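J.: Sequence:
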Amino acid sequence: MTKTESEKPKRSFAEWVTFSIALLILAVIMSLVGYIWLNDKNQPPIVSVTNKQTIREINGQFYVPFEVVNTGGDTAESVQIIAELQINGKVVETGEQQIDFLSRDEREEGAFIFSQNPRQGKLTLRVSSYKLP
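Each number in my numbering comes from the position in the sequence shown (counting from 1) with 551 added on.
Keep in mind that the hints were calculated from the coordinates and are not lab data.
What you are looking at is a predicted structure, and each value in this text was computed from that prediction instead of being measured.
Treat the hints loosely; a few may be bogus.
[Stated by the list, open to error] In silico lysine-lysine, BS3-like type, Cα no more than 30 Å apart, as pairs:
(1) LYS603 / LYS641
(2) LYS603 / LYS682
(3) LYS641 / LYS673
(4) LYS603 / LYS559
[To be verified] Label-pair ranges, simulated between beta-carbon atoms:
(5) GLN671 / GLN649: 25 to 31 Å
(6) ARG562 / LEU683: 50 to 56 Å
(7) GLY624 / ASP651: 15 to 21 Å
(8) SER654 / ALA565: 42 to 48 Å
(9) GLY624 / PRO560: 49 to 55 Å
(10) GLY611 / VAL642: 16 to 22 Å
(11) ASN593 / VAL643: 50 to 56 Å
(12) MET581 / ILE633: 44 to 50 Å
(13) ILE597 / GLU660: 47 to 53 Å
(14) LYS603 / GLY624: 22 to 28 Å
(15) GLY646 / ILE576: 39 to 45 Å
(16) ILE580 / GLN631: 51 to 57 Å
(17) ILE633 / PRO595: 16 to 22 Å
Glycine included, every Cβ here is placed at the ideal spot set by N, Cα and C.
Please model the complete structure; the sequences and the hints are all you need to start from.
T.: Here it is in structure tokens:
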């Protein structure tokens with residue numbers, strides 16, 4: 552074995568700069584992955600529904616806009632929303648909506664349509680069910 556074969560060549564300045572940049576990029580990526588892993592909301596979906604705007608009447612039908620929001624950590628599928636209109640203590644109309652997919656912090660809007668005026672009774676909007684993907 553000759554002397555030149557056993558000695559390792561010295562690294563050039565460009566190689567050290569490239570190596571340092573690659574290490575920095577790797578450290579940033581690993582830090583971001585760790586941060587996301589530690590701060591991830593590991594919660595089930597928390598789905599809520601609210602009246603978004605005022606009720607409007609068009610051609611004898613009453614439109615009740617709503618907004619549904621998932622504030623939990625996981626995604627919800629097949630989110631079922633029910634509206635129930637009670638007048639004089641009796642349920643006179645109901646409506647159902649289904650949102651196919653609601654990811655974390657996502658909002659969806661829609662409207663229920665009633666033939667009777669919801670202002671003359673008690674209107675209840677609620678989320679009745681969802682499933683996990």
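J.: Give a verdict on every hint.
T.: So, going through the hints one by one against the coordinates:
no.	hint	in the structure
1	LYS603 / LYS641	holds (25 Å)
2	LYS603 / LYS682	holds (24 Å)
3	LYS641 / LYS673	holds (10 Å)
4	LYS603 / LYS559	violated (71 Å)
5	GLN671 / GLN649: 25 to 31 Å	holds (27 Å)
6	ARG562 / LEU683: 50 to 56 Å	holds (52 Å)
7	GLY624 / ASP651: 15 to 21 Å	holds (19 Å)
8	SER654 / ALA565: 42 to 48 Å	holds (45 Å)
9	GLY624 / PRO560: 49 to 55 Å	holds (52 Å)
10	GLY611 / VAL642: 16 to 22 Å	holds (21 Å)
11	ASN593 / VAL643: 50 to 56 Å	violated (42 Å)
12	MET581 / ILE633: 44 to 50 Å	holds (46 Å)
13	ILE597 / GLU660: 47 to 53 Å	violated (18 Å)
14	LYS603 / GLY624: 22 to 28 Å	holds (24 Å)
15	GLY646 / ILE576: 39 to 45 Å	violated (53 Å)
16	ILE580 / GLN631: 51 to 57 Å	violated (40 Å)
17	ILE633 / PRO595: 16 to 22 Å	holds (20 Å)
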